[in-house]
Amino acid sequence: MSLPQANFPNETYLEGLRNADASVVESLYHEFRQPIVRAVESLGGNFADGAAFFRVALIQTARLIKDGQYPEAIPVEQFICMLAMRQYLDWREEKLNEEQSLPAFTEDQLLVWEQMPQPSDLRSMRGMMKAKREFYRLTIDDQRSISSLAGTLSEGSPVTLENARGRTATYRKSLGQTAENSEDILPDYAVKALTNEHFHQIWSACEDVEQRLKPAQIPNNGENKTIKYAFLALLVISLGALLGSWLFRDKTPEEVYQNNYQPPASIVADMEARYAKDSIAPERPEACAIAFSEADAHYKKKDWRAAAEVLASMMDDEFKPCQSDALFYLAIVGLEMDRPQLSLECISKIEDLERFGEDIYWYMALAYVKIAAQNPSEKDMAKRAVERALSNTEIPERRTQAEKMLKELSE
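Residues 951 to 1361 in our numbering are what the sequence shown lists, from first letter to last.
Do not rely on the hints blindly, as some may be mistaken.
[Said to hold, decoys possible] Dumping the calculated DMTMM-like pairs for lysine to aspartate or glutamate here, alpha-carbon to alpha-carbon at most 20 angstroms: (1) Lys1252 x Asp1288; (2) Lys1080 x Asp1040; (3) Lys1299 x Asp1267; (4) Lys1299 x Asp1253; (5) Lys1357 x Glu1304; (6) Lys1123 x Glu1084.
Hints in this document: simulated from the structure, not taken from any laboratory.
Using the sequences and the accompanying hints, generate a full structural model.
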């Protein structure tokens, strides 16, 4: 089980899932869905199993964070991966009625495994997922009736049992034999699924991403006439709109990036301005000042590789007090070198986040815009990153700049 390096600090994912932030949900899909699907496949599942249990694990992780039950020392991506595997194995146990053997875990992985929810909680979450899915297969009238009833039950208000059981018969049957035979009007997990606002927000954010992923899942057997005809229709429409798209085209991510990327002229000068705001200047070894001066000399000459080498060399223990600064400026140099992934990796490793304030969100947004310039399919991700930067800035000029970027990136 191998996961890629996270692009953001763990706190960003925790806060995003706690607040049901759709951009954070999309980031988790973008960064970790594929390796976690492979982890489930390694247990004997197929791709569909991996994709389904990634989603279940992501939503359950968000619920644990929201309820204050998440072990925050564990990186979110590791927890989701283990939880997806745990959910899959428990589903197999329930389905086959036989205990499943565990894979060969390392000692660190076992520590995470021990933090997994109990089987009753795992099955309750799967029940909530099914309850939500089956709810949207009902007619609009039935949805209104079931939703109203679930709200009444969640509030503890009295309900006429005979009438209520009749109203829920179709829905209860869709949830399976247990729910159909239950004495409850609706299973507890169904009531939670239909009334918990945070669950609904996270579920909807996942659903939005899943819907965008579906077009890429083209059947591999037989001729798909729907796709064929849709393609021909799209071709006709595209030809008709070609002239208009040239006359009224959106700005490309590359243009947006070039119009808004304004790096500091000097590393040392920018750092001095930042520390001038502190009432007490931090104590740092002389080696830090020497290294930053050397990196700045290369930086001013636009010798990005040499500047990067000096900043990267500051990851040794003797530079510990100034490593956050080194990582921050290495992130900027990464943008200059057209290596936005390096920029995101450096930002994710910065420990002293408060010192850099909203600059963290700003340069992360620029990195994602740069990624979109290299790969236009990432344009939506870039827009979400800019939206996050906009919501975290109080500088009027930067707000104006971010709003302009969003307008230029809009479709």
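Hint by hint, here is what the structure shows:
no.	hint	verdict
1	Lys1252 x Asp1288	13 angstroms, holds
2	Lys1080 x Asp1040	16 angstroms, holds
3	Lys1299 x Asp1267	15 angstroms, holds
4	Lys1299 x Asp1253	24 angstroms, violated
5	Lys1357 x Glu1304	29 angstroms, violated
6	Lys1123 x Glu1084	10 angstroms, holds
Hints 4, 5, counting from the list given before, are not met by this structure.
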